[in-house]
Amino acid sequence: MVGAADFVGRDIISIKDFTREEIDYILKIAREIEPLARSGSDILKGRIMATLFFEPSTRTRLSFETAMYKLGGSVIGFSEPETSSVKKGESLADTVRVVEKYADVIVLRHPSEGAARFAAEYASVPVINAGSGAEEHPTQALLDLYTILKEKGRINGLSIALMGDLRYGRTVHSLAYALSLYDVRLFLVSPDLLRMRREVLEDIKSRIEIFEHTSIEEILPEIDVLYVTRIQKERFPDLAEYAKVRGSYRIDLNILSKAKSDLIILHPLPRVDEIAVEVDSTPFARYFHQVENGLITRMALLALILGAIKE
Amino acid sequence: MVGAADFVGRDIISIKDFTREEIDYILKIAREIEPLARSGSDILKGRIMATLFFEPSTRTRLSFETAMYKLGGSVIGFSEPETSSVKKGESLADTVRVVEKYADVIVLRHPSEGAARFAAEYASVPVINAGSGAEEHPTQALLDLYTILKEKGRINGLSIALMGDLRYGRTVHSLAYALSLYDVRLFLVSPDLLRMRREVLEDIKSRIEIFEHTSIEEILPEIDVLYVTRIQKERFPDLAEYAKVRGSYRIDLNILSKAKSDLIILHPLPRVDEIAVEVDSTPFARYFHQVENGLITRMALLALILGAIKE
Amino acid sequence: MVGAADFVGRDIISIKDFTREEIDYILKIAREIEPLARSGSDILKGRIMATLFFEPSTRTRLSFETAMYKLGGSVIGFSEPETSSVKKGESLADTVRVVEKYADVIVLRHPSEGAARFAAEYASVPVINAGSGAEEHPTQALLDLYTILKEKGRINGLSIALMGDLRYGRTVHSLAYALSLYDVRLFLVSPDLLRMRREVLEDIKSRIEIFEHTSIEEILPEIDVLYVTRIQKERFPDLAEYAKVRGSYRIDLNILSKAKSDLIILHPLPRVDEIAVEVDSTPFARYFHQVENGLITRMALLALILGAIKE
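Protein chains in written order, with our numbering: chain A, 1 to 311; chain B, 1001 to 1311; chain C, 2001 to 2311.
No lab work stands behind these hints: they were computed from the structure. Keep in mind that a hint or two might mislead.
Sample of chain C residues with no beta-carbon within 12 Å of chain A, all distances over it, derived [as the list claims (entries may be wrong)]:
(1) L2036
(2) A2037
(3) R2038
(4) R2097
(5) Y2122
(6) S2180
(7) V2184
(8) R2185
(9) L2194
(10) R2195
(11) L2201
(12) F2211
(13) E2241
(14) N2254
(15) K2310
Calculated cross-link-like contacts (lysine-lysine; reagent style BS3-like; alpha-carbon spacing at most 30 Å) [to be verified]:
(16) K1045/B <-> K150/A
(17) K45/A <-> K2310/C
(18) K2310/C <-> K1045/B
(19) K45/A <-> K2028/C
(20) K45/A <-> K2045/C
(21) K1045/B <-> K45/A
(22) K28/A <-> K1310/B
(23) K310/A <-> K2045/C
(24) K2045/C <-> K1310/B
(25) K150/A <-> K205/A
For glycine and all other residues, C-beta sits at the position ideal for the given N, C-alpha and C.
Based on the provided sequences and hints, a complete structural model is requested.
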């Protein structure tokens, strides 16, 4: 049986490090800790979280910082490598071995693949991966699952579509893997150029059935959860190609006329124009709910790995 | 009758949104809360303030942050747009709808006119305008009023001169409007090029008498409060013109020999050389007192809009 | 007799402002406060520290911030001048007179010689020098002493070598002075180009014996404490000269075969390659211990100057 003790001192590097039972346990603790997101608490009083952001990510940084403050803890850190010792040529291993003297937990964001796992190997305090390279963003996957569970009451049995840039977007890699631990029908909708990489696909296909499409229209009527990600111009060698793709991967009221009435739309944010602003006020839109769920999920993780959950 | 309940959840966008009675009430609460600026308190424990500074303003940011800490709350935010999601093309509306999930109040500084009011329309939590565009800086106007009230014991009946750049300085627009709600004689002293804009003037003239001058010397003997602002070189097409103007809008001991003995000099800071350093040690100088009064006024506003004042 | 009362409200500008008895007292308080570095405390609850970093120094800033949080206080400030009012041309004197209205103590880092002392003259709250110009870094010297005392049980009677850039490194100047108050044998090991400046040397020589060397090898067998600093390429007019020097001022397992078994190696960090990574896992390596001792020493200083130590 999975319990709180299994998480104390643990690194959160990849969603793949967690079993289905462990993920379910985290989601259960998130549900229980949710009232503290409103009331605040002192359960991490005197504890310090370091946010080491080697690439900027205001949203993720503010989410972690708020989570720590809501639990009564303090926060140190930097939000840009330019202001850090890194500029003086210090290695990540040394940075981590310094910061662990100050902090009880390190939240790391880094442009390089594997940086979070590398840091965790050197650190004597737990490390949470807040995004490293193109591969992993485990807390985003957990908050996505938590949002689906909260909004739909379950994850199993749902038809879920991931749409947009499935090749480079780190959030969809972590999420697709996480979903493959559940009994879902997974639709991957992207232009050919931005299909999910074969190695990610193979891994997921070993557990659940996957349906690949290049258009959302034909499948939208059967979808329960539509997860939209941004398609970046820079990915296309040819602007004409980009212009074509862009139009057909944009969600607006017109296309939503074909959707189930209880469809929910998620997005990791920031959104540019891949979801029309007119959608914001419909019941489909749950992307801003995700933000609050991110706060709650991160509160649950911090409380768990710092040993503040007893059960 | 104005009471604390009138302020709970309220946005602070423009000084024009407040009646004379409401302003007087804020100043009264500032006076009452002043002891907490020294002792600290826990009346906003568990509450979170977000400082979203889309243009840097160390002074204003530190003032708000200190106010929140003195009340026992926590602070998240960013001090430069470069480190924020804005770089990724996110709209202000989306940024606000994300941050409101984290924070109980948003303090916004933005280079564009109207940005604070726009943000307030989207946010479900109160928004405080910490300066937007060239027009409004309402908390600066409130702290200026509080300083005058505290130092002179009253606002009504005073002769007050605003000097320097009255065209572009946002603090003087808010302050001139606020003063026009009181029974004061208002002197506007500026080079022709930097006269207060007609539309601001007309509005004020409908309530109080205004005297425009291009030199402070002739009127200084009758002034009770001299509010100095900086004249920026960039405003002048011609450096020779600037050099001429600069000299005659500089306050030093020599010119002050003509002042009333109980004149007080205010300045929104930062000061460059428009007030000579030799003035700092005279009893005229109250510009550093303003800093402390800014802290107190902002504590009062935060406590009021977050519902921590009961009466 | 030195007591806690001697430190209340005191500036920490230069190690030279402290007598041997005062330094010993600070080290004693550091030892006593050490348990709070783990448990946290509330002895500075409601107090605010401002970190004004006019040049970036992540390590030092995080150390001070953690120290303040561990004592229950709050922190405001900036980590880069670009985001501060300084950009608008404000003088350091004005910045300090503003910030003292917000903070109970100011921690200043500045590229100019004398900036900290200058700031302290204007500030009515205590100022701690967190590094200014090339001369002084008093809290680094104190943490170095504390590390030596803790690791060796004493300072008197030890043979201590300072190695590397002794000309420009501000930490070695403060440390060499501090050590000269004790009964130690001091070895200075550097390339000719980077010898300690004559004026620093003369001052120290008046109190203790000094031995200058250009190579560590010959003296290593008699050394108890080896303090390594980085040699920067930019100091050398000629890259060939730098390459030659660099090799012989690098500590690795090979050279350490000649060391005493209880030698300890210190380094102010960040380290680049002047200590080989293979040394990290040996008992010689104490440079990461210094980091924790820095936190403890700064907690002691903050508690002392803010009057939280009673004895």
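Structure-based check of all given hints:
1. The Cβ of L2036/C does not lie farther than 12 Å from every Cβ of chain A; its closest approach is about 9 Å, which violates its non-interface assignment.
2. Consistency note on A2037/C: stated as away from chain A, yet its beta-carbon is not over 12 Å from all of that chain's, at 9 Å minimum.
3. For R2038/C, the shortest C-beta to C-beta distance to chain A comes to about 9 Å, within the 12 Å cut-off, and the non-interface label is violated.
4. Every C-beta of chain A lies more than 12 Å from that of R2097/C, the closest at about 25 Å, which supports listing it as non-interface.
5. The Cβ of Y2122/C lies farther than 12 Å from every Cβ of chain A, with a closest approach of about 26 Å, so its non-interface assignment holds.
6. For S2180/C, the shortest C-beta to C-beta distance to chain A comes to about 28 Å, beyond the 12 Å cut-off, and the non-interface label holds.
7. Against the 12 Å criterion, V2184/C stays outside the reach of chain A, whose nearest CB is about 26 Å from its own CB.
8. Non-interface call for R2185/C relative to chain A: holds, since the shortest CB-CB distance, roughly 30 Å, exceeds 12 Å.
9. Listed as outside the interface, L2194/C is consistent with that label: its C-beta sits roughly 18 Å from the nearest C-beta of chain A, beyond the 12 Å cut-off.
10. In this structure R2195/C is separated from chain A by more than 12 Å, as the shortest Cβ-Cβ distance comes to about 23 Å.
11. Residue-level check passed: L2201/C sits 27 Å from the nearest beta carbon of chain A, beyond 12 Å.
12. Every C-beta of chain A lies more than 12 Å from that of F2211/C, the closest at about 30 Å, which supports listing it as non-interface.
13. Non-interface status of E2241/C relative to chain A is upheld: no Cβ of that chain comes within 12 Å, the nearest being about 20 Å off.
14. A cut-off of 12 Å between C-beta atoms confirms that N2254/C is not in contact with chain A; the least separation is 21 Å.
15. With 12 Å as the threshold on Cβ separation, the claim that K2310/C sits away from chain A holds: the shortest Cβ distance comes to roughly 21 Å.
16. In summary, the hint linking K1045/B to K150/A is supported, as the alpha carbons are separated by about 29 Å, within the 30 Å threshold.
17. For a cut-off of 30 Å, the pair hint linking K45/A to K2310/C stands: about 25 Å separates their Cα positions.
18. Only pairs whose Cα atoms come within 30 Å are accepted, and K2310/C paired with K1045/B is accepted, the gap being roughly 28 Å.
19. Proposed proximity of K45/A and K2028/C is supported: the alpha carbons are some 27 Å apart, at most 30 Å.
20. Taking the CA atoms of K45/A and K2045/C, the gap is near 13 Å; set against the 30 Å cutoff, the hint holds.
21. For the hint linking K1045/B to K45/A, the alpha-carbon distance of about 13 Å falls within 30 Å, and the restraint holds.
22. Between K28/A and K1310/B, the direct Cα distance comes to roughly 38 Å. Violation of the 30 Å bound is thereby established for this hinted pair.
23. Taken as a hint, the K310/A and K2045/C pair is honoured in the structure, with Cα atoms around 28 Å apart against an allowance of 30 Å.
24. Only pairs whose Cα atoms come within 30 Å are accepted, and K2045/C paired with K1310/B is accepted, the gap being roughly 24 Å.
25. Between the alpha carbons of K150/A and K205/A the distance comes to roughly 26 Å, so the proposed pair stays at or under 30 Å and holds.
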